[in-house]
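The task is simple: from the sequences and hints, build the whole structure.
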Amino acid sequence: MPAVTIRNLSEATHRALKVRAAHHGRSAEAEMREILEAAVRPETRLRLGSVLAERSRRLGLTNEDFAVLDQARDKLPAKPMSFE
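Going by my numbering, the first residue of the sequence shown is number 1, and it counts up by one from there.
If you're looking for bench data, these hints aren't it; they were derived computationally from the structure.
For every residue, glycine included, the Cβ atom is placed at its ideal position computed from N, Cα and C.
It cannot be assumed that every hint is accurate.
[Claimed, not checked] Here are the simulated distance ranges between beta carbons:
1) T62 to A16: 51 to 57 Å
2) M1 to R47: 52 to 58 Å
3) F83 to R20: 53 to 59 Å
4) A22 to E43: 21 to 27 Å
5) R20 to E43: 16 to 22 Å
6) R55 to S82: 34 to 40 Å
7) A39 to K75: 41 to 47 Å
8) R7 to S82: 35 to 41 Å
9) F83 to V4: 38 to 44 Å
10) D65 to T5: 51 to 57 Å
See below:
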């Protein structure tokens, strides 16, 4: 697993991180991981599966509809590409 070193962090910021971590009942390192995770993976991110499920519900599609589509699709394996 990758490790990250943060240089030139002010004492005030470091103290604030420790206080915040203690408030959440975790180590300063765990708190920093949580902050970074939240920054790069916001809760409002688009989740493709959720979007597709919601779209299907709005359109009124059922499992039976998908079964019909599955029966109609070509089930032959894809042919490998040739670069000749």
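Checked hints:
no.	hint	result
1	T62 to A16: 51 to 57 Å	holds (52 Å)
2	M1 to R47: 52 to 58 Å	violated (24 Å)
3	F83 to R20: 53 to 59 Å	holds (56 Å)
4	A22 to E43: 21 to 27 Å	holds (24 Å)
5	R20 to E43: 16 to 22 Å	holds (19 Å)
6	R55 to S82: 34 to 40 Å	holds (36 Å)
7	A39 to K75: 41 to 47 Å	holds (44 Å)
8	R7 to S82: 35 to 41 Å	violated (52 Å)
9	F83 to V4: 38 to 44 Å	holds (41 Å)
10	D65 to T5: 51 to 57 Å	holds (53 Å)
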